[in-house]
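With the hints as constraints, model all of the structure from the sequences given.
2 protein chains.
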Amino acid sequence: MPSVNNTHRIPTTDLDTPPRLLLGPGPSNAHPRVLRALSNRQVGHLDPAFLAIMGEVQELLRYAWQTDNPVTVPVSGTGSAAMEAAVANTVERGDSVVIGVNGYFGERLVDMATRYGAEVHRLDRAWGEAFSFDEISEAVERHKPRVLLLVHAETSTGARQPLEGVSELCREHDCLLLIDTVTSLGGVPLFLDEWGVDVAYSGTQKCLSCPPGLGPLTLGPRAVERLAARKTKVPNWYLDMSLVGQYWGKERTYHHTAPINMNYGLREALRLVAEEGLEARWERHARNARLLWDGLGEMGLACHVDEAIRLPSLTTIRVPDGVDAAAVSRELMARYNIEMAGGLGELKGKVWRVGLMGFNSREENVRLLLSALAEVL
Amino acid sequence: MPSVNNTHRIPTTDLDTPPRLLLGPGPSNAHPRVLRALSNRQVGHLDPAFLAIMGEVQELLRYAWQTDNPVTVPVSGTGSAAMEAAVANTVERGDSVVIGVNGYFGERLVDMATRYGAEVHRLDRAWGEAFSFDEISEAVERHKPRVLLLVHAETSTGARQPLEGVSELCREHDCLLLIDTVTSLGGVPLFLDEWGVDVAYSGTQKCLSCPPGLGPLTLGPRAVERLAARKTKVPNWYLDMSLVGQYWGKERTYHHTAPINMNYGLREALRLVAEEGLEARWERHARNARLLWDGLGEMGLACHVDEAIRLPSLTTIRVPDGVDAAAVSRELMARYNIEMAGGLGELKGKVWRVGLMGFNSREENVRLLLSALAEVL
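Residue numbers (the numbering used here), protein chains in the order written: chain A, 5 to 381; chain B, 5 to 381.
Please keep in mind that the hints were generated in silico from the structure rather than gathered at the bench.
It is possible that part of the hints are untrue.
Copies of the same chain are indistinguishable here, so a pair counts whether it falls within one copy or spans any two.
Said to hold, decoys possible - Restricting the straight-line Cα-Cα distance to at most 30 Å, the calculated cross-link-like pairs of lysine-lysine (BS3-like) are: (1) Lys354 / Lys148; (2) Lys148 / Lys352; (3) Lys254 / Lys354; (4) Lys237 / Lys148; (5) Lys235 / Lys354; (6) Lys254 / Lys148.
This is the structure in structure tokens:
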């Protein structure tokens with residue numbers, strides 16, 4: 005046997021991280037009860053005790069999303085994995101798809117759908133705007149897509165995409181409606197079944213106040229049919245819902261080892277949603293966002309997104325002329341331990357992104373941020 | 005706005021799970037220090053404090069694997085995601101590959117490689133055996149593979165695949181050597197660089213004693229070259245190491261939000277490996293396995309795998325004639341809270357699988373298991 009090389013056996017200290025207030029686009033701070041749940045002792049991934057937990061997580065996800073979809077599961081990866089699962093399971097090589105691109109995550113959907121061989125038709129809009137029904141309708145009429153992909157809550161811009169009438173349009177054209185709810189689930193009204201959404205995905209680290217590491221995904225009956233009728237296997241083993249669904253469904257067939265402790269955390273996060281109730285939770289997010297927007301207005305700062313489609317969970321603030329956006333963020337972190345993010349892509353250097361999500365959507369955080377921002381500016 | 009449907013707002017109780025001793029093939033019990041680290045307060049995924057943690061995780065993974073590979077990262081999914089990342093990044097449509105199939109995870113590699121369009125050549129052996137150098141050499145000569153995929157530690161059988169001479173063979177044929185180290189990393193001698201391994205992956209929930217949820221992956225220089233020279237994009241966005249590698253590399257470009265708290269846990273698990281030292285850790289695994297094997301022998305129970313290639317981390321025990329394997333496992337759990345798994349595939353009903361991994365590889369666990377098994381049988 006060779007001798008062991010100790011080059012990479014570096015000295016380390018006990019874990020100690022600064023007490024950040026995470027007011028960027030996510031991760032937001034997990035609820036303390038969620039953090040405690042994470043360290044609960046483990047059981048196996050096929051233990052009856054864990055199967056019961058899985059069932060509870062699924063039920064509470066259905067509540068949070070307002071759906072009866074049997075196939076509602078936390079994908080064993082982050083929100084981006086759930087996004088890819090949504091695409092991989094519904095798109096087949098050569099399929100026409102229409103993707104609304106009005107921010108970073110629309111762009112990412114284009115990248116993913118392209119990798120899965122889709123014939124991608126982009127519907128473009130400036131970052132921070134939303135698509136009108138007529139624009140969507142015209143694109144669907146023209147391109148006859150198999151899937152229409154829209155970002156309900158654009159994490160890069162803070163814009164909400166209205167969905168009135170879209171589901172009827174999709175049904176007329178035998179097209180699935182797939183939406184990104186990463187920054188809306190648990191903070192912004194969502195009625196998947198009422199709205200006729202066929203596929204949705206999310207992350208745990210936004211309005212659910214759980215650390216990142218799981219990606220909720222739900223497939224409605226039309227999406228499940230589409231999956232069953234595929235001509236080819238899903239070209240992604242880990243995210244193949246025809247396999248994953250058997251572990252989370254009645255069969256309980258082993259596919260991969262679920263992230264046990266992360267599921268403990270998500271269960272606790274969803275219990276908090278159920279305890280508070282969706283109506284109260286949405287109202288709290290709206291109220292604290294209003295407080296932030298009013299405070300920003302008083303400071304002479306403008307929001308980038310029109311109020312009619314502005315997400316209460318994520319606000320983009322226009323950086324005033326002559327101000328160094330990155331320097332302000334650095335200062336907020338250095339002096340106040342507050343994380344406030346900058347813009348991505350088209351909005352880089354032009355906006356700051358402030359998240360008031362889940363546990364972090366509290367009046368004291370708004371007051372602190374406004375006061376700290378006034379000091380730094 | 006529609007009214008909220010409370011059908012799925014089910015009542016739940018505080019999380020409470022039975023005190024299982026996880027002596028199956030994984031997950032094994034996490035070390036208590038790891039469980040505590042999970043619930044540490046969060047920082048953002050681009051926070052300088054987190055970037056420092058990422059660097060430490062990478063260094064300590066290099067130590068555990070005995071490699072200098074710069075591209076050594078925990079994939080943001082379970083070990084199965086790391087397995088798929090290994091395949092997706094090295095295999096291109098039409099590539100000839102040779103896969104050693106002597107257990108469940110070899111079969112899974114075949115499924116994955118097929119989905120990525122490889123021309124798969126199987127090398128088959130009964131479950132529980134290993135391949136001889138001559139068999140491997142003959143297959144490589146005949147099929148001229150671009151990648152040779154072998155399972156170093158077969159979690160379904162407990163067999164270890166010797167690798168002497170294999171790397172030289174691969175280099176002669178411009179073929180990458182990719183190995184599964186899910187059940188060996190942190191418990192069984194591994195010298196990736198000495199052995200000339202180009203790609204390896206693992207899980208966190210076996211000999212590293214961290215909960216499932218991350219999948220360590222390492223790419224050597226020849227694999228990185230292969231990735232850079234691809235004719236097509238990796239057909240998997242989430243696991244594309246040319247993107248993920250930029251977040252974990254010098255660029256720190258955002259790709260997806262890393263599972264912050266799971267990385268806290270993995271860091272602590274790897275610190276425990278570094279504190280104990282690989283030599284002592286491997287010796288401890290060997291010593292406790294020997295104790296188990298001797299005890300089983302005294303009870304008249306036979307191990308399924310030949311001792312020369314038997315993994316100290318995972319033992320398959322032959323189920324005696326006339327004994328109901330599943331009933332024994334159920335009884336061990338009901339009476340003693342001990343999880344001991346059954347066989348998969350070819351070995352279903354024929355063996356039990358006992359893991360003595362990481363924190364769980366302790367003499368008291370061996371004594372308890374032997375005593376409980378004697379009672380139940």
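A quick look at each hint next to the structure:
| no. | hint | verdict |
| --- | --- | --- |
| 1 | Lys354 / Lys148 | neither (36 Å within a copy, 54 Å between copies) |
| 2 | Lys148 / Lys352 | neither (34 Å within a copy, 48 Å between copies) |
| 3 | Lys254 / Lys354 | between (50 Å within a copy, 25 Å between copies) |
| 4 | Lys237 / Lys148 | both (23 Å within a copy, 27 Å between copies) |
| 5 | Lys235 / Lys354 | neither (46 Å within a copy, 37 Å between copies) |
| 6 | Lys254 / Lys148 | neither (35 Å within a copy, 43 Å between copies) |
Going through the hint list in order, the structure does not satisfy hints 1, 2, 5 and 6.
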